[in-house]
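Protein chains: 2
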Amino acid sequence: MSDIRALFFDVFGTLVDWRGSIAREVRRLGLSVDGEAFADAWRNEYQPAMERIRAGGRGYVKLDVLHRENLDRILPRFGLESMSEAEREALNLVWHRLDAWPDVVEGLKQLRKQFLLAPMSNGNIALMADMARHNGFHWDAILGSEIARDYKPKPEVYLAGCAAFDLAPEACMMVAAHSSDLAAAAACGLKTAHIARPDEHGPGKGETAPDVPVDHAARDLLHLAEHLSA
Amino acid sequence: MSDIRALFFDVFGTLVDWRGSIAREVRRLGLSVDGEAFADAWRNEYQPAMERIRAGGRGYVKLDVLHRENLDRILPRFGLESMSEAEREALNLVWHRLDAWPDVVEGLKQLRKQFLLAPMSNGNIALMADMARHNGFHWDAILGSEIARDYKPKPEVYLAGCAAFDLAPEACMMVAAHSSDLAAAAACGLKTAHIARPDEHGPGKGETAPDVPVDHAARDLLHLAEHLSA
Chain A
19 MSDIRALFFD VFGTLVDWRG SIAREVRRLG LSVDGEAFAD AWRNEYQPAM
69 ERIRAGGRGY VKLDVLHREN LDRILPRFGL ESMSEAEREA LNLVWHRLDA
119 WPDVVEGLKQ LRKQFLLAPM SNGNIALMAD MARHNGFHWD AILGSEIARD
169 YKPKPEVYLA GCAAFDLAPE ACMMVAAHSS DLAAAAACGL KTAHIARPDE
219 HGPGKGETAP DVPVDHAARD LLHLAEHLSA
Chain B
19 MSDIRALFFD VFGTLVDWRG SIAREVRRLG LSVDGEAFAD AWRNEYQPAM
69 ERIRAGGRGY VKLDVLHREN LDRILPRFGL ESMSEAEREA LNLVWHRLDA
119 WPDVVEGLKQ LRKQFLLAPM SNGNIALMAD MARHNGFHWD AILGSEIARD
169 YKPKPEVYLA GCAAFDLAPE ACMMVAAHSS DLAAAAACGL KTAHIARPDE
219 HGPGKGETAP DVPVDHAARD LLHLAEHLSA
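Protein chains in written order, with the numbering used here: chain A, 19 to 248; chain B, 19 to 248.
Heads up, some of the hints might be wrong.
A partial selection of chain A residues facing chain B, derived with a Cβ cut-off under 8 Å [what the hints assert, rightly or not]:
(1) Leu134
(2) Ala147
(3) Ala150
(4) His156
(5) Ile160
(6) Ala182
Derived from the structure by calculation, the hints contain no laboratory data.
For each residue, glycine too, the CB sits at the ideal point set by N, CA and C.
Working from the sequences, and respecting the hints, build out all of it.
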């Protein structure tokens, strides 16, 4: 593993708790809905919205735009169709300030001593920059969907990240809590590390282990740092 | 100025001393040439190389590629045409580890408390990421030529940076030691700040003051931080 130069991170679910963060925001706003159900409904629109772009049926638009369209789509289901334009805009930015899982800030700090670090997320640059400020992440660059103008798991997204750092895919490692993301990265030649996030979709509803072959499987980022410095 | 959200920085000359750094590297390598003359010759090829791309006569290639072509062009003039391929590759990376002017690390740290910070350079992402590691810069994102796939002072480059941060041009300020860069940014609607670098091209050979209208003219980044927090 001594030839690994850069680590690329999935963000939603792997580094930050999107479900808990959105549920907390919904409660903070005093909306009379089940926060977790609202978070799940919003997130459920995520893959279909990206799929149109991946399939070529729509040109690239930033994830902020898709999140906003998806919000408009789910509000009536929760009896919130009267929410104002300004409130919708503000609520949409909750994705910019999702909270990190407890191991992440210290884990990234340790990994940064050995590797270049970049998000390899479907989130856009402004979203990633705001989230880094919110949590205190220090990225070397923001790579991912906006650089490639396409969405994971399209190979172009991973390969655009490697190219931006002038690295061969095998010198880069994709770190994610989702086996599908790791399988796609591995198919491009990247090394892979799985992070267990057993509660991503609610208590006990997340990947505790990869269901595809990976180079490392770790409990959290601190555990991964141990693996990679060994 | 309270509506400024992001600062964009020119890098070569404004943040780092390319001439002194390259001259030191040349001396460190024991090359029997005048280090400053070598640095000047290399840098003199910079604008013509980019101009072909800006004018549309060549597709976008990264600055690392142009630097390498320019190196090959000047080596014979210094009697160094026998330099090996590996030595040329290694020397070309000197641009990734240029040293910052003395005020820059502390200046960026202060400015970072108030603003999003990004390089708005013609340097490519890997070059900017390595240089940030070398000097201890903390960027929120690496914007600039590689994002826009074109070279300053083309308006597309500045505007792509604003768009990446989801900001209107008037919420962004371009910071540079070169009036031409600031004039181009201002024409796109960005605010502007000039930094004096009187020795960029050698003792007494640099812009001490802007020769175009700017919003701020500062002695260095610490002085700019004072201006902007006032």
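Status of each hint after checking the structure:
1. Leu134: Constraint on Leu134 of chain A satisfied, holds at 6 Å.
2. Ala147: Nearest chain B Cβ about 4 Å off; hint holds.
3. Ala150: holds, 7 Å
4. His156: Holds: closest Cβ of chain B sits about 6 Å from His156 of chain A, inside 8 Å.
5. Ile160: With Cβ-Cβ at 4 Å, under 8 Å, it holds.
6. Ala182: With Cβ-Cβ at 4 Å, under 8 Å, it holds.
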